[in-house]
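Undergrad: Below are the chains, spelled out letter by letter.
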Amino acid sequence: MMIFSNFGGKAALNGKSTLHSEAVVIEREMASRGAGVGLEMEKMSVEQLRALKEQADLEFNLFQDSLNNIRTATARLEIASSALEDLSLRPQGKKMLVPLTASLYVPGTLDDAEKVLVDVGTGYFIEKTMVEGKEYCERKINLLKSNYDQLLEVATKKKSIADETGAILQAKLKQLAPIQ
Amino acid sequence: MGSTAALKELQRDLENKANDLSKLQKDIAKNHQVRKKYTIQLGENELALKELDLLNEDANVYKLIGPVLVKQDLAEANANVRKRIEYISAELKRLDATLQDLEEKQNSKKEAIFKVQQRIQSLQAGKGKA
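For the protein sequence lines, the chains are A and B, in the order given. Here the first sequence stands for residues 1 to 180, where the numbers follow our numbering. Here the second sequence stands for residues 1 to 130, where the numbers follow our numbering.
In case anyone wonders, no lab produced these hints; they're calculated from the structure. Among the clues, some could well be false.
[Stated by the list, open to error] DMTMM-like mimics (lysine to aspartate or glutamate), calculated; alpha carbons at most 20 Å apart, straight line:
1) A:LYS115 <-> B:GLU57
2) B:LYS37 <-> A:GLU127
3) B:LYS115 <-> B:GLU15
[Unchecked claim] Pair by pair, the computed Cβ-Cβ distance ranges are:
4) B:LYS50 <-> A:LYS95: 51 to 57 Å
5) A:LEU58 <-> B:GLN117: 36 to 42 Å
6) A:LEU89 <-> B:LYS37: 51 to 57 Å
7) A:ASP111 <-> B:ILE28: 53 to 59 Å
8) A:SER45 <-> B:ALA18: 18 to 24 Å
Idealized CB from N, CA, C, for every residue including glycine.
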């Protein structure tokens, strides 16, 4: 029996939940700011514009971090999936080295590769067959991919807001400069 | 003379209100953090529940208790995860209500501060003229 850890899952979950909770927080902020972003920006002073741009940049960076996390998690899950694939091809009784710690391996023989233990989160492990295990990896990878796409959408929107704010800021500064 | 004392008092009032405001903002930030943590846990639990639901009756479920993997009954595991989800949802709702309350207080504090500032300004303007 082999154990397959949810290492990708937790990071991706953090990505997804962070996305969700951040999206909620941001919606609240925008609502409370009276989101007439396009209209009000013209009337705002340089200071406020600067603050708004910084805020938007900060949020965009957060999104970038989450995107990176999801990418990493997806990569690890794909490694897990291909490892599973490889494992299913090995015959029973095959000699192998079993990791006890990150630097300690002991020789052993492969027992039954038909059953795998899958970590599904919050401390629960489920015994599955090799086929189900592969399906599990597939499902998780698809979930992560859709999260990634959603997050990418929101991030690009945020970036365009930041850019717009920056442009208006520049225009304002130019307006003020000749007066001085 | 009277106006100087009034001015001092207004300024003290302003300080107090500013302190209250910053405390409120700290509370709001902490609320956000706790909310984040709970939201993440909720997501993880929901994923686990989905997996458990996909299982047949006879599949084995194990729970990690410390360093030990303990065999669990599928029904029991389901019930546990469901209960945890309920608990976390209730906590989140409670936090939501608290957050709204804090935000309202924050807004009214800001208004009060603004008013005090205005009074200070008008007093100072009055003194300047005199």
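Undergrad: Straight-line Cα separation of LYS115 of chain B and GLU15 of chain B no greater than 20 Å?
TA: 13 Å, holds
Undergrad: Has the hinted range 18 to 24 Å been met by the Cβ atoms of SER45 of chain A and ALA18 of chain B?
TA: Since the Cβ atoms of SER45 of chain A and ALA18 of chain B sit about 22 Å apart, the hinted range of 18 to 24 Å holds.
Undergrad: Do the beta carbons of LEU58 of chain A and GLN117 of chain B sit within 36 to 42 Å of each other?
TA: Between LEU58 of chain A and GLN117 of chain B, where Cβ atoms are some 28 Å apart, the hint is violated.
Undergrad: Given the proposed pairing of LYS37 of chain B with GLU127 of chain A, does the C-alpha separation stay at or below 20 Å?
TA: Violated: LYS37 of chain B and GLU127 of chain A sit about 28 Å apart, past 20 Å.
Undergrad: Does the Cβ-Cβ separation between ASP111 of chain A and ILE28 of chain B fall within 53 to 59 Å?
TA: Holds: the Cβ-Cβ distance is about 54 Å, inside 53 to 59 Å.
Undergrad: Does the Cβ distance between LEU89 of chain A and LYS37 of chain B fall inside 51 to 57 Å?
TA: Since the Cβ atoms of LEU89 of chain A and LYS37 of chain B sit about 41 Å apart, the hinted range of 51 to 57 Å is violated.
Undergrad: Straight-line Cα separation of LYS115 of chain A and GLU57 of chain B no greater than 20 Å?
TA: 16 Å, holds
Undergrad: Taking the beta carbons of LYS50 of chain B and LYS95 of chain A, is their distance inside 51 to 57 Å?
TA: 38 Å, violated
When each numbered hint is compared with the structure, violations occur for hints 2, 4, 5, 6.
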